[in-house]
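Could you slot chains B, C and D with the ligands onto chain A? The hints should help.
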Amino acid sequence: MSDQTMSNMTNQSGAKTSMLMRLVRMREFALIVIILALSVFMSFASPYFLTEGNLRAILLSFSTEGIVVVGMTILLIVGGIDLSVGSVMALTMAVAGKLFLVGLDPWVASLMGIGAAAMIGVVMSFFVTRVGLHYFIVSLAFLGIARGLTLVVTQGTPLSLFSLPPEFKFVGQGSLYGIPFVVILFFVIVGVADFLLRRATIFRRVYYVGSNEKAAEYSGIRVKRVKAGAIILCSTLAGLAGVIFMSRFGAAPPQFGVGMELNVIAAAVIGGAGLYGGQGSVLGAILGIALLSLVSSSLQLLDVPVFWQDGIKGGILLVAVTIDHIVHTRKA
Amino acid sequence: MSDQTMSNMTNQSGAKTSMLMRLVRMREFALIVIILALSVFMSFASPYFLTEGNLRAILLSFSTEGIVVVGMTILLIVGGIDLSVGSVMALTMAVAGKLFLVGLDPWVASLMGIGAAAMIGVVMSFFVTRVGLHYFIVSLAFLGIARGLTLVVTQGTPLSLFSLPPEFKFVGQGSLYGIPFVVILFFVIVGVADFLLRRATIFRRVYYVGSNEKAAEYSGIRVKRVKAGAIILCSTLAGLAGVIFMSRFGAAPPQFGVGMELNVIAAAVIGGAGLYGGQGSVLGAILGIALLSLVSSSLQLLDVPVFWQDGIKGGILLVAVTIDHIVHTRKA
Amino acid sequence: MNDIVLQLTNIRKSYGAIHALKGVHFTLRRGEIHALAGENGAGKSTLMKIIDGIVQPDSGQIVLNGDARQFRSPLEAQRAGIGFVHQEIALCPQVSVAQNICMSRINTEGGFLVNYREVRQVARAAIEQLADIDVNTLVGDLSISNQQVVEIAKALTLDCQILILDEPTAALTDRETEALFAIMHRLKAQGMSIIFISHRMAEIFEHCDHVTVLRDGEYVMDTPVADTTPEDVVNALVGRQMTHLYPDKLTGDPTAGPVILRAEAVADEGRVRGVDLTLHKGEILGLAGLIGAGRSELVQTLCGLRRRTAGRVELNGAAIHPRDYADAIRSGLVYLSEDRKGEGVFLNMPIAQNVSALRLDKVTTPFGMLDRRAEMDQARTHGAELRLKAGSLRDDVSSLSGGNQQKVAIAKLLTANPAVMMLDEPTRGVDVGAKAEIHALLRDFAEQGVGIIVVSSELPEVIGLCDRVLVMAEGRISGELSGDQMTEENIMALASGLALTG
Amino acid sequence: AEDTPFRCEPGEKYVMNVMVSGVEYWFPVYEMFKQAAQQFGCETEYTGTPAYDITQQLASFEQVLAKKPAGIMVHPMNSDPFIEPINRAVDGGIPVVTFAADSPNSKRISYITSDNVREGTFVADAIAEAMGGKGEYAVLENPGQDNHDLRISAFISRMEDKYPDMKLVARAATNQDPTKAYNSTLSMIQAHPNLGAIWMPEASSALGAAQAVEESGKDIKIANADVNGKILDLIKEGKIFASVNPNQGAQGYWGFMLLWMAAHPELIDPMNDHAQTGFNPMGMPVVDNGFSIITAEIADNFYWDAYLKRRGTKGINE
Ligand SMILES: Nc1ncnc2c1ncn2[C@@H]1O[C@H](COP(=O)(O)OP(=O)(O)OP(=O)(O)O)[C@@H](O)[C@H]1O
Ligand SMILES: Nc1ncnc2c1ncn2[C@@H]1O[C@H](COP(=O)(O)OP(=O)(O)OP(=O)(O)O)[C@@H](O)[C@H]1O
Ligand SMILES: [Mg+2]
Ligand SMILES: [Mg+2]
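Protein chains in written order, with this note's numbering: chain A, 1 to 332; chain B, 1 to 332; chain C, 1 to 502; chain D, 1 to 318.
In isolation and in its complexed conformation, chain A is listed as follows (with noise of 0.2 Å):
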């Protein structure tokens, strides 16, 4: 239970208390110190971990799933789940990239591909919020239906699009002062998002009936709505990513981001969320995505035995979250 007191630290800015206190009180400074720990030791292992590449390296290995995580961020914290982003990140890029081939303006395929995905979530939030059943399972039925469609769109075979006109390449090839446009994408996307759900009216909504639903509805807000609201969003925010993978692939392999929602449900556990909602932060899933990815670039960095790297990985994704339990624990 814990982790429940503690929650919603992250709500609770205006605190009359220093920056430096804020910030050490803060759900997510665990997690920090833990990634610049690890980072620190890296970049006495490794020489190229502080190099310019390197770090740009990582920022890319997690930015486009990043934009997922927010959204499932979000759902778990208003208590549900979503298994189905891969495919339907998959589906995004097969749609998009159909209509592209049969001529249509990369541009406008691509909001028809992100508009496929969202439908695909109005659809699960029927089944969830209307019909009753829940999120797992009805997700995990898309996760199936969407993969499907993929193939049928792309008849099995990674669709080619290098004939993709460079403006569009740009947003998922590109840089801006060095940057490259995704990760300056993700993080205008993570700022906003994180800001509007720590201050945000409708977000705090979200964070009501996460917490308890009947409480929420007895408090007169439309608890399916909020619901179905997140449900779109992530399914929405999957779409914007899988986009972005098609530019930057110029393809849309048909078996794209199989197996992705585990890694990034792990990314919002990792940074606090709860699986029961009403706990977490876009802020912490962030941090969550990045410390994965920062393990795996690392591990390849030092170049660990292949086989070992799995489960290396996991081990340091254990000690991570118990370390971050036991501070936050500590300080309930």
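It is possible that some hints are incorrect.
Each computed BS3-like pair below joins lysine-lysine, with the alpha-carbon atoms no more than 30 Å apart [claimed, not checked]: (1) LYS68(D) / LYS221(D); (2) LYS13(D) / LYS98(A); (3) LYS214(B) / LYS389(C).
Ranges of calculated distance between the beta carbons of each label pair, as one might list FRET restraints [as the list claims (entries may be wrong)]: (4) ALA45(A) / PHE162(B): 42 to 48 Å; (5) LEU104(A) / ARG380(C): 22 to 28 Å; (6) GLY178(B) / PHE162(A): 34 to 40 Å; (7) LEU113(C) / PRO165(B): 54 to 60 Å; (8) ARG25(B) / VAL102(A): 41 to 47 Å; (9) GLY178(B) / ARG307(C): 54 to 60 Å; (10) ASP227(C) / ARG25(B): 55 to 61 Å; (11) GLY278(D) / VAL24(B): 51 to 57 Å; (12) ARG222(B) / THR329(A): 20 to 26 Å.
These are computed hints drawn from the structure, not numbers from a lab. Note that beta-carbon positions come from the ideal geometry of N, C-alpha and C, so glycine has one too.
Below, chains B, C and D with the ligands alone, put in the same frame as chain A:
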């Protein structure tokens, strides 16, 4: 909440209702009907459906995985979840296989393999009950750790065990009276588990803890022990399944069981297990996995174009749970 | 003194900055009913949790039957013969009533297999002493009131030497309450010692032998009930002179004022069967009845929380059809749930955020952003009005005592300035002082022209507070009482569906 | 020629069975499998599981058995798990030919494949020569799939044997995931600034790796096995140095031949003990269907959709 209202009907045996009424009021009734309906349809749609060979194929396709489903169901009832089952299964096969190859008796090797699985369970239960981390994140970490160990043990290539003695291969490949031994073993385990879960005192505790941890604690139930027990049982059953697969395949492929967790959890959830604990039954879960296998094999049998199979499978899953849900919320 | 069963001396317990118990003494004798009184947050439940081994004291001594004990878990306490009925209902919703009642039994003395027939018999035997509830239904489907009954029955199945009842009557109506006291006296006669926590002086003085008073975690006094008066106890636990418990009533005919709310032939899916009522400006209207009468259901139907299947509702002369509760709030109807924990508060969210939940728009800037300062101020104001005892308004509600949680739920209503307030068991679990505050507040609102409907199972409250009371039975209004007709006898008669005598 | 023995009985059906049946690689194989069958007047069917899952492929194989076809050409995801089912099929009079991956300890009649060892070796030579026999290289693996593992090990051992100055500096298990390949490659490039080449045994990783290399602006030779539309485009853009592609057509066509022959052992009467010990006299243990190195010049011949249009068939759906 409606699924709550109906759950544990299963625990209300001895009710003053006729046998038939009791059957109808069972949580699993709708599922049984759906499966029967699908079977009837299939037996008309395909001349091969009712062939001994096909039924054999279907049974074989879920018997071993079904053993894992049993463990997962109990864990879900107690309010937990285990994402590591697939990896733990592979690890068991790798350990047992390796030990056999270095000359151990296959039975001893298998026991040690299962022991390894149980150990993973013990360690996981430590992190869940002592450290206080959530099942999800702990088992996710061990999904990586167990897979990593598997890769290390197998060095990334399937261990070839075709030299296994026939009496050991019998476990996975033999038949009694034309029925695959695996299937018989499976039904025995299911029968026992289902009976115990409905009747045995220890398993009552599982429901109590899953339904309201505090209430259970206040009533003097040793919550941590119950949780740990469920976790270890789940890992151990995964290990057992691993040994059976090893005997059936005469091999230990390092990537075996990747992504299996979702299928297993889905089965349990279709069968009425909630994700918040307190509900679920072995019978239901087994019907769940049976339904999943029935659907995929039916799609094969009807020569549904491969691109459509995933989608249709997802669709049927969705329809099935919807019907199931509506039926027993009506009854409520 | 070998007739002393349990002796606690100098018990201390603090949660971070909050000192829940500051050196409390408590003495329990064999075969007595010992009342424990104190304001919300005084430390009663904490003390009980320490006895039951749920909470470990920071310091202090516990002597059971002459030897010092220290229970590390409820199981140990149970083994030592201590039974505990919790203030906050702790039951398994997805499990049948029977299996809830027999939980400890199944856990401890159950053999390898559970004997469900026996379980049901034991459960039935235990619960039918209190109320008529089918032991096969799932606890999750019961109303709070009935869940409380189950919670009590659960303790009755343990053969214990000490029985702790933490505000058992708060959620009960007179009928079950009487049944409970009958049982308590029987058990006492069998030599059992009972600790009884309640905020109702009447209950303490009618049924208890001793009373111990706590205030702000400090031991105040322990006297035989015979040697003291309700006034003294009240003053002792409030720590000041309590003048009068109930505010003055309306003078003259309560129905004189214009009609604020009018309901005609209102019905829902079956629990409310055609109810007419009018609520007049200035009056406080009471809704009395037995558990299951459908009082909650009625008011919930009025404010859109349950679907209205028939009838018409007018607010200030204009017909309203709230699509949902959000709609109703907008048109000025607010409802306080009887299920504090389940529907009233967000346990794992900060107090301030709980208070603002009902009217987020009031703490929202034009740009749709939250104004957290305003949120805090609002919580501070209403908290003060209700004498909320809390460490910081940023603490989660889960850290509050039961009564203080109730105050948070009420504070939430105060943020909306409504046309009509419907309060379901508004003072359930609230201490005498705060109760008086709440009553005074309600009276003020009534005077300011806010329509007030109070559902209460506590007849003295109904009689003391309301100008007019409607009595419900089986989803219908079985009668209306006002003025000096409002007596417990009349209300009970109507509630049980009898006609008024004389 | 009505009297030719090389005809099928009406309803004589040959089945091809694979895992991840939705991926492009199988389609050209099946196309020629089908072609051969039609020339014999036989029926064919494309079966398999969409999943990358041995249990599910076994289930679909079992179901094919239930249909009692005239013969099965299977790509076993793992060799040993298929021993028992394949043997059961063969003992039940249904000949089995494995393709692209083998089950050597089973009673399969023949195994047709492109030689994975030669593929790995060939590419090793090509890369080493292009780099002047000197430099650093890395591999992206998919541990556990036999033919992929072979391509990797062959590549590495060739380098070790023949090019002492070619150093293997990094390995990553990308398991056919483009994103993993992209991320791993990015890190590899950081850790090994002088990385000169990367080899991967399948197509999915290639598009991730190629993209990462392009963004790094380095000159790193990417080589992979198997092609698809995207890979071909990358080859033409010069972003992929070389791709080896098994001759899928020959694999399918000869696969069928082997299968058909195995189904009609009575056509041959060799001087051996087959009648006595009861093995299939038609059996040819291993057949190499060869492979091609796809370069920009010839890439255009390998687009599946174009090919399918040219063929005018319904591909795997018939
Ligand atoms: N888990 C906790 N964390 C922090 N503070 C707590 C916790 N539990 C209780 N407290 C504080 O301890 C004090 C005593 O609480 P307790 O529940 O014993 O009061 P009480 O006498 O039972 O009040 P009530 O009559 O409302 O039930 C309160 O101020 C409460 O806020
Ligand atoms: N959700 C529910 N499902 C089924 N039965 C319910 C539900 N809620 C309440 N009941 C039953 O309906 C009856 C009326 O409920 P409730 O106790 O709320 O009525 P009430 O008149 O408001 O009494 P009180 O307000 O004192 O609880 C009770 O007997 C309860 O068991
Ligand atoms: Mg209390
Ligand atoms: Mg009520």
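Checklist entry - Does the hinted range 41 to 47 Å hold for ARG25(B) and VAL102(A) at CB? => result With Cβ atoms ~54 Å apart, the hint is violated.
Item to check | Consistency of beta-carbon spacing, PHE162(A) to GLY178(B), with hint 34 to 40 Å | outcome: Given about 57 Å between the Cβ atoms, the range is violated.
Checklist entry - Regarding the pair LYS214(B) and LYS389(C), is the alpha-carbon distance no greater than 30 Å? => result holds (25 Å)
Checklist entry - Does the Cβ pair GLY178(B), ARG307(C) satisfy 54 to 60 Å? => result holds (57 Å)
Next on the checklist: Tell me if the straight-line CA distance from LYS13(D) to LYS98(A) falls inside 30 Å.
Outcome noted: violated (35 Å)
Next on the checklist: For the hint 54 to 60 Å, verify it against the beta carbon of LEU113(C) and that of PRO165(B).
Outcome noted: For LEU113(C) and PRO165(B) the Cβ distance comes to about 39 Å; the hint is violated.
Item to check | Satisfaction of hint between LYS221(D) and LYS68(D), Cα-Cα up to 30 Å | outcome: violated (48 Å)
Checklist entry - Falls inside 22 to 28 Å, the C-beta gap from LEU104(A) to ARG380(C)? => result Since the Cβ atoms of LEU104(A) and ARG380(C) sit about 57 Å apart, the hinted range of 22 to 28 Å is violated.
Item to check | 51 to 57 Å as the expected CB spacing between VAL24(B) and GLY278(D), which holds or is violated | outcome: holds (56 Å)
Next on the checklist: Looking only at beta-carbon atoms, does the pair ALA45(A), PHE162(B) fall within the given range of 42 to 48 Å?
Outcome noted: The hinted range 42 to 48 Å holds for ALA45(A) and PHE162(B), with Cβ atoms some 43 Å apart.
Checklist entry - So does ARG222(B) sit 20 to 26 Å from THR329(A), Cβ to Cβ? => result For ARG222(B) and THR329(A) the Cβ distance comes to about 21 Å; the hint holds.
Next on the checklist: Range first: 55 to 61 Å. Now tell me if the beta carbons of ASP227(C) and ARG25(B) are that far apart.
Outcome noted: holds (58 Å)
Checked against the numbered hints above, the structure violates hints 1, 2, 5, 6, 7 and 8; every other hint is satisfied.
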